[in-house]
Amino acid sequence: MIEVRLFATFREKRDKVYFLEQKDFKNAGEIIDYFRIPREEVAILLINGVYSPIDTSVKDGDILALFPPVGGG
Amino acid sequence: MPYFPQWEVADLRYERQLLIPQIGQEGQEKLEKAKVTVIGAGGLGSPVLTYLVSAGVGKIQIVDCDVVSESNLNRQFLHHTGDVGRPKVLSAQEKLVSLNPDVALSTVNKRLNQENIEECIIGSDVVVDCVDNIETRVMVASACIQLNIPLVEGGVLGFYGYVIDIGRDYPCLSCLGYDKAKQKTPVPVLGVTAGVIGCMQANECIKLLLGIGEPLYGRMLNYDGLSGTWEEVKVEKAKNCAVHKNAETGKNGEFYWNGGK
Chain A
8 MIEVRLFATF REKRDKVYFL EQKDFKNAGE IIDYFRIPRE EVAILLINGV YSPIDTSVKD
68 GDILALFPPV GGG
Chain B
521 MPYFPQWEVA DLRYERQLLI PQIGQEGQEK LEKAKVTVIG AGGLGSPVLT YLVSAGVGKI
581 QIVDCDVVSE SNLNRQFLHH TGDVGRPKVL SAQEKLVSLN PDVALSTVNK RLNQENIEEC
641 IIGSDVVVDC VDNIETRVMV ASACIQLNIP LVEGGVLGFY GYVIDIGRDY PCLSCLGYDK
701 AKQKTPVPVL GVTAGVIGCM QANECIKLLL GIGEPLYGRM LNYDGLSGTW EEVKVEKAKN
761 CAVHKNAETG KNGEFYWNGG K
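Going down the list, the sequences are from chains A and B. FYI, the numbering for the first sequence is 8 to 80, going by our numbering. FYI, the numbering for the second sequence is 521 to 781, going by our numbering.
Each hint should be verified, as a subset may be incorrect.
As the list claims (entries may be wrong) - Which stretches of chain B does chain A cover? Using the computed rule of at least three CB atoms under 8 Å from a CB of chain A, they are:
no., stretch
1, 556-563
2, 676-689
3, 720-733
What the hints assert, rightly or not - Straight-line Cα separation of at most 35 Å, DSBU-like style, residue types lysine-lysine; simulated pairs:
no., chain 1, residue 1, chain 2, residue 2
4, A, Lys30, B, Lys700
5, B, Lys555, B, Lys615
6, B, Lys754, B, Lys700
7, B, Lys630, B, Lys727
8, A, Lys33, B, Lys765
9, B, Lys702, A, Lys23
10, B, Lys704, B, Lys759
11, A, Lys30, B, Lys702
12, B, Lys555, B, Lys702
13, A, Lys23, B, Lys727
14, A, Lys23, B, Lys754
15, B, Lys700, B, Lys757
16, B, Lys754, A, Lys66
17, A, Lys66, B, Lys702
18, A, Lys66, B, Lys765
Stated by the list, open to error - Residues from chain A that keep clear of chain B, each with C-beta distances beyond 12 Å, as calculated:
no., residue
19, Glu19
20, Phe26
21, Lys33
22, Asn34
23, Asp40
24, Arg43
25, Asp67
It is worth saying that the hints were derived from the structure and are not from the lab. Heads up, the beta-carbon is just placed ideally off N, CA and C, and yes, glycines get one too.
One chain only, chain A, in its complex shape:
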């Protein structure tokens, strides 16, 4: 399973955490598409706490974290 943690406004109309089947997704980009999040809205994509480009392949046990820009002050 792949754990996907959504943060900030990505939680609107979605849950905070999802568990997905690894075989259904080639890479992180496809997971973002699955949630119908426009790719350009993703400010931070972490796989196991590490910055990863959007085409990074995903493997079983990976934990993804997705953030929009949370840049207000």
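We have chain A; now place chain B onto it with these hints.
Relative to the frame of chain A, chain B by itself:
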């Protein structure tokens, strides 16, 4: 005019924090000898500045090039209705001096850029980033890593926010790929969200100055005001981070800045 000996006021002023075992007289003296630069005197800057001043941090530099506008007033509590149109640094300084005249407050009413950022922050023990855009955040983080000054970073959006400490041995925003992000403006912000995150930033700053507790280095702490939850995400330095690569150590172990080459 009644006479209040300064030493009596000082003893009472910090009485409650002197009782905290992690602070005490020794910690208080450390705070009084410290210098902190706070970049941004707005939504995050208001709680950060207020709590650092009230705790008695000796020298605080307030950096902000903006003037107070009406749309600031839902969250930037250092600025009041009558301050609209005034430079934020002056409006903030006035309230903070009244709160605690012991603190040496200086102001920098300038926009930060690559040319002036180093001279602005050099000599600071900690920098607290309270700005409202990603570009300035990246520039501040870059300068702090290059000068080896701990940085407390935070951001807010609506009911959400995060706080993290940044340092040379720990991930920065560029490590997280955040430097490429585009933020739509105006950014929706509820006052209390900025209050929560700014308070966490002030807390981190005090921990770093005193060397106590567990700083949020490599730990992005995320706040969700709607569900009332906090979640920590452990983050790692990126191997190819341009910001960390630009910070080099000289032959004798001294630090020098290669000008970003």
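Hint check:
no. : hint                : verdict
1   : 556-563             : holds (count 3)
2   : 676-689             : holds (count 6)
3   : 720-733             : violated (count 0)
4   : A/Lys30 - B/Lys700  : 30 Å, holds
5   : B/Lys555 - B/Lys615 : 19 Å, holds
6   : B/Lys754 - B/Lys700 : 20 Å, holds
7   : B/Lys630 - B/Lys727 : 28 Å, holds
8   : A/Lys33 - B/Lys765  : 31 Å, holds
9   : B/Lys702 - A/Lys23  : 23 Å, holds
10  : B/Lys704 - B/Lys759 : 29 Å, holds
11  : A/Lys30 - B/Lys702  : 32 Å, holds
12  : B/Lys555 - B/Lys702 : 32 Å, holds
13  : A/Lys23 - B/Lys727  : 30 Å, holds
14  : A/Lys23 - B/Lys754  : 17 Å, holds
15  : B/Lys700 - B/Lys757 : 16 Å, holds
16  : B/Lys754 - A/Lys66  : 19 Å, holds
17  : A/Lys66 - B/Lys702  : 29 Å, holds
18  : A/Lys66 - B/Lys765  : 29 Å, holds
19  : Glu19               : 9 Å, violated
20  : Phe26               : 16 Å, holds
21  : Lys33               : 20 Å, holds
22  : Asn34               : 15 Å, holds
23  : Asp40               : 18 Å, holds
24  : Arg43               : 18 Å, holds
25  : Asp67               : 20 Å, holds
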